[in-house]
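Take the sequences, apply the hints, and build the full model.
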Amino acid sequence: MKQFLILFLISCSLYGQPDITTGEESEYPQDYFRQPLDIPLVLSGTFAELRSTHFHGGLDIKTQQREGLKVYAAAEGYISRIKISHYGYGKALYITHPNGYTTVYGHLQKFSKRLEDYIKQCQYDKERFEVEVFPHSKELLIAQDEVIGYSGNTGGSGGPHLHFEIRDNLERPINPLLFGMEVKDSISPYVTAVFAYPRDENATINGKNERVPLRLIPKKNGDYAVEKITAYGNIGFGITANDKQDLAPNNNGVSNIQSFFNGNKSLEIDFKRFSFDETKHIRRLVDYEYYIKHRTKIQKLFIEPNNPLSLYKDAYDQGYVHVEDSTASVYKVRVRDYHGNESWVVIPIDGKYEPLKKDDNPVNRSKQSLVYNNKKSTLTSGNFTVDFYKNTLYDDAYIDFKVNSDTLFLGEDKLPMQQNFYINYDLSHYKAEHQNKLYIARFYGNYKKPYYVSTSRKGDRLIAKTKALGTYALAMDTEPPVITPVNFTNKKWISNYRYLKLKIEDKLTGISKYRATVNGKWILMEYDYKTNSLVHDFNDNVVKDTKNELKIIVTDNVGNSSTFEATFFRK
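For what it's worth, the UniProt record's numbering labels the leading residue of the sequence shown as 1, then goes sequentially.
Derived by calculation from the structure, the hints in this document are not laboratory data.
Hints may be right or wrong, so weigh each one.
[Stated by the list, open to error] Using 27 angstroms as the maximum straight-line C-alpha spacing, the simulated DSS-like pairs for lysine-lysine come out as follows:
1) K332 <-> K219
2) K244 <-> K313
3) K280 <-> K390
4) K467 <-> K375
5) K530 <-> K70
6) K352 <-> K228
7) K138 <-> K120
8) K83 <-> K120
9) K113 <-> K126
10) K530 <-> K465
11) K138 <-> K184
12) K265 <-> K332
This is the structure:
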């Protein structure tokens with residue numbers, strides 16, 4: 001009985017703390033994980049924050065604009081995955097814990113010595129900088145409070161910080177703050193814009209059947225009023241909202257949004273947990289067309305068809321509201337951060353039927369191509385074929401499709417895509433010596449510079465994959481990459497140098513691969529695309545001769561290669 005009581009008390013201490021935003025008992029252990037840094041938690045990014053193509057999967061913890069801070073294991077466990085990549089999380093560690101959760105540590109500068117030795121052996125065995133390994137459960141055991149690495153700025157990081165995640169046993173990321181980690185936050189979220197949307201062609205807002213911006217009126221208490229609108233039929237709303245925290249000036253994402261119509265709950269969006277399979281559907285949550293034009297994310301408080309996000313709760317009529325003629329209604333939105341700070345938006349609505357004016361310039365659909373959501377659609381003209389597979393679009397849509405010589409026009413980038421569509425180009429009429437230098441490029445707006453689109457070759461066809469409509473064209477790249485030594489010259493003694501540094505650049509299609517050898521033996525060189533730097537650490541102890549012949553081959557994405565050779569000396 002005594003043992004049962006002890007276990008019960010432990011269970012209560014681990015799991016029994018209330019959730020700050022709901023007041024309900026938390027299902028997550030409260031004292032199991034420690035903070036991964038030994039400085040106060042100040043965030044540059046919050047959980048599920050809206051990024052351009054995904055929800056943020058963890059916390060971005062500021063490291064005082066420095067690299068090299070000690071990163072600690074949040075709890076005991078074992079290293080279940082190590083991944084090093086040019087992009088994404090850069091140098092990242094994954095620790096699986098006895099309670100079934102996994103913690104993730106991204107953008108590290110380097111790992112602890114034993115982990116660094118382990119992964120460098122893998123890199124030398126594979127002769128690759130980018131590697132991903134999955135050690136077995138007894139290979140790399142980790143103790144709580146063990147230093148596992150040092151904070152950095154590797155991968156897709158925009159500045160020094162630690163990306164930290166907690167995932168459940170289904171690999172779903174969960175807000176780490178739910179596990180008892182503390183961040184100072186006494187500031188309520190703020191709203192910068194409110195919009196109203198008609199659900200169908202019969203609905204009106206202020207006499208219009210289109211998205212309508214509403215005038216937002218900040219109040220002294222931090223809440224917001226909206227100038228009264230007239231509406232009729234089925235309508236929805238959207239808001240632009242952010243949060244701030246006490247010790248950081250940057251904008252962060254909010255934690256919870258609820259809407260109410262005439263006192264009844266209409267919809268809730270709870271940013272507590274999601275799966276990586278659904279994160280791409282952020283394009284359905286936000287107003288994609290508005291984001292592309294204005295770089296501002298409107299969060300739609302209604303659920304459109306083919307939206308599988310699990311963030312929604314208590315959706316009545318998919319979050320839309322029905323406004324009757326000659327009735328007064330009130331729509332309210334409550335926006336909260338994780339710590340329960342909240343702001344309200346109140347929108348008074350006068351129900352008023354207003355017949356819509358006839359459109360004097362209707363869209364001519366006869367010149368557009370219909371692309372289906374529920375089956376494959378193929379568009380062909382000239383040497384171009386464009387394949388939209390099933391479930392590429394969220395809705396059936398008409399697309400402006402036109403080909404002029406080697407240029408493809410696919411309307412404007414305003415339709416969100418669930419997955420890539422594929423642009424095929426027939427190369428058979430080009431000379432063989434030119435075919436290998438061709439690629440498919442995208443042109444943005446009035447910019448004349450071609451931007452490389454991920455392109456592969458299959459026989460006489462080029463195939464590019466993309467999620468954005470717009471203008472594409474065939475382009476040619478005959479310029480090889482440029483390789484420039486940074487801290488040495490040919491035939492130089494560099495005995496006192498720890499690092500061998502070069503820069504590699506390619507203006508058109510970008511770097512595809514590189515290989516470096518000294519005296520014919522492969523050496524590890526770390527590539528940072530943000531600075532175009534290529535660096536070898538002589539502490540790897542693979543360069544042991546006095547006279548050394550360095551050879552580096554760099555290849556771009558269409559196969560142009562450059563070779564750099566030099567001699568250096570070391571004692």
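Status of each hint after checking the structure:
1. K332 <-> K219: At roughly 15 angstroms apart (the allowed maximum being 27 angstroms), K219 and K332 satisfy the hint.
2. K244 <-> K313: Roughly 25 angstroms separates the two Cα atoms, so the pair holds.
3. K280 <-> K390: Holds - the C-alpha atoms of K390 and K280 are around 16 angstroms apart, at most 27 angstroms.
4. K467 <-> K375: holds, 17 angstroms
5. K530 <-> K70: holds, 23 angstroms
6. K352 <-> K228: Cα-Cα ~12 angstroms, so holds.
7. K138 <-> K120: OK: K138 and K120 at ~19 angstroms, within 27 angstroms.
8. K83 <-> K120: Cα-Cα ~12 angstroms, so holds.
9. K113 <-> K126: Holds, because 20 angstroms separates the two Cα atoms, which is no more than 27 angstroms.
10. K530 <-> K465: holds, 24 angstroms
11. K138 <-> K184: violated, 38 angstroms
12. K265 <-> K332: holds, 9 angstroms
Checked against the numbered hints given earlier, the structure breaks only hint 11 and satisfies all the rest.
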